[in-house]
Amino acid sequence: ASPFKEGDESSVDIYDGLDNGLTVPDNSAPNSTPAGNSLNLFDEILIEEGTAKEASYNELQSEYGKCQQQIKELMKKFKEIQAQNVILQNENQALKKNISALIKTARVEINRKDEEISNLHQ
Numbered sequence: 366a367s368p369f370k371e372g373d374e375s376s377v378d379i380y381d382g383l384d385n386g387l388t389v390p391d392n393s394a395p396n397s398t399p400a401g402n403s404l405n406l407f408d409e410i411l412i413e414e415g416t417a418k419e420a421s422y423n424e425l426q427s428e429y430g431k432c433q434q435q436i437k438e439l440m441k442k443f444k445e446i447q448a449q450n451v452i453l454q455n456e457n458q459a460l461k462k463n464i465s466a467l468i469k470t471a472r473v474e475i476n477r478k479d480e481e482i483s484n485l486h487q
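In our numbering, each residue's number is its place in the sequence shown (first place is 1) plus 365.
Hints may be right or wrong, so weigh each one.
To be verified - Label pairs and their computed distance ranges (CB to CB):
(1) Glu480 / Met440: 54 to 64 Å
(2) Ser483 / Ile446: 46 to 56 Å
(3) Ile379 / Glu414: 55 to 65 Å
What the hints assert, rightly or not - Below 27 Å or equal to it, Euclidean Cα-Cα: the simulated DSSO-like pairs (lysine-lysine) are:
(4) Lys444 / Lys431
(5) Lys444 / Lys461
(6) Lys462 / Lys478
I should point out that these hints are in silico values taken from the structure, not numbers from a laboratory. C-beta atoms are modelled at their ideal positions from N, C-alpha and C, and glycine is treated no differently.
Taking the hints into account, I'd like the entire structure generated from these sequences.
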């Protein structure tokens, strides 16, 4: 393929043999693979982050649901205890009135008995 003849030694063909076995590399395959790999790795990282965030979100949603349920149960117990407290306060007031009335009755009865004893001694 060289313009020089093989028998002519006066000049050397510096390009001799360069075209033999010369293959043009397929630029699309080697260059796209690293770029494709880096895109695939980037996509994979994004997918992993998304999956982790979704799992974290789902875990937080579950925890939130449990907390909401616990709040409902605690509020129910709180209302029951408040109602029981009101009942006990009313009962306490009634008992105080009854004891007070009983003490007054006992004092009146003691005074009446003392008078009766005094009258018998006279």
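Structure-based check of all given hints:
1. Checked against the hint of 54 to 64 Å, the pair Glu480 and Met440 passes, with Cβ atoms roughly 60 Å apart.
2. Remark: the range hint 46 to 56 Å for Ser483 to Ile446 is upheld by a beta-carbon distance near 54 Å.
3. The given range of 55 to 65 Å is respected by Ile379 and Glu414, whose C-beta atoms sit roughly 56 Å from each other.
4. A C-alpha spacing of about 20 Å is found between Lys444 and Lys431, which places the hinted pair at or below 27 Å, so the restraint holds.
5. In summary, the hint linking Lys444 to Lys461 is supported, as the alpha carbons are separated by about 26 Å, within the 27 Å threshold.
6. A C-alpha spacing of about 24 Å is found between Lys462 and Lys478, which places the hinted pair at or below 27 Å, so the restraint holds.
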